[in-house]
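Chemist: Listed below are the residues making up each chain.
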Amino acid sequence: MKNLLLFPYTFRPIGWVILILSFAIGLLGTVLQWEFDCLDWKVFAIHAGGILEKDVFLGWVDDNVTNELLGLFFLLGLMLVGFSRVQHEDEYTIQMRYNALMWAAWTNCLLMVFTMVFFYGTSYWFCMLFNMYSVMTIYVLRFGYLLHKSKNQSL
Amino acid sequence: MKNQVRIFRAKTNLSQEELAQALGVSRQSIYAIETAKYVPSTQLALKMASYFKCSVEDLFQLDEDD
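Just so you know, the protein sequences line up as chains Z and B, in that order.
Per numbering that gives the first Met the number 0, the first sequence runs over residues 0 to 154.
Per numbering that gives the first Met the number 0, the second sequence runs over residues 0 to 65.
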């Protein structure tokens with residue numbers, strides 16, 4: 000399949016390294032509640048503010064960007080793993096990609112409904128934050144499972 | 000969709016790997032096609048028919064429930 004936007008195969012292992020490292024550091028950071036002091040940056044925001052904070056539109060704000068960077072690296076890892084060619088990329092692999100994408104979209108919708116119905120207040124926003132990554136995460140997991148299954152079955 | 004790919008492959012004494020290489024697909028694809036888990040594209044079906052020097056209908060037939 001030449002008309003599908005995919006990274007070269009060599010990007011796949013790089014993606015796994017970025018994904019595992021960002022996940023591990025992110026998990027530790029969430030559990031231990033720490034942030035890197037060197038990442039206290041002045042960043043440009045389209046909008047920033049909260050209930051007790053001053054609203055800023057199209058301006059610079061002070062922020063510790065540890066979470067943002069970890070989130071970006073996690074997403075980058077998911078993209079490199081999910082959207083890199085496998086060793087033998089062909090039309091059967093494309094079918095597996097479609098299958099995994101459908102699974103991811105369905106699961107994301109169900110998770111959103113579940114979150115809306117059963118979570119309230121700050122828990123709701125916390126769950127929605129995790130749901131942001133659910134499409135790519137489920138896609139990568141499902142596609143990996145299908146690849147593994149097809150390899151084992153044809154032995 | 001039924002198919003006779005395994006029979007044609009056996010007649011020509013080819014392994015799944017060899018057929019896959021000849022057609023430019025993975026061995027997993029050949030296995031999935033042979034076990035009717037995957038219906039190939041028209042392009043791949045035509046390539047297969049051309050490789051085995053037969054018609055696409057010789058290789059693939061509609062099932063009753065298709």
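One thing to keep in mind: the hints can contain errors.
Unchecked claim - Derived lysine-lysine pairs resembling DSS-like cross-links, with alpha carbons at most 25 Å apart:
no. : chain 1 : residue 1 : chain 2 : residue 2
1   : Z       : K150      : B       : K46
2   : B       : K1        : B       : K52
3   : B       : K1        : B       : K46
4   : B       : K46       : B       : K36
5   : B       : K52       : B       : K36
6   : B       : K46       : B       : K10
7   : B       : K1        : B       : K36
8   : B       : K36       : Z       : K148
9   : Z       : K41       : Z       : K53
10  : Z       : K148      : B       : K1
11  : Z       : K150      : B       : K1
12  : B       : K52       : B       : K10
13  : B       : K52       : Z       : K150
14  : B       : K10       : B       : K36
Derived from the structure by calculation, the hints contain no laboratory data.
The structure presented is a predicted model; accordingly, all values stated were derived computationally and were not measured.
Chemist: Checking against the hints above, which ones are violated?
Modeler: 13
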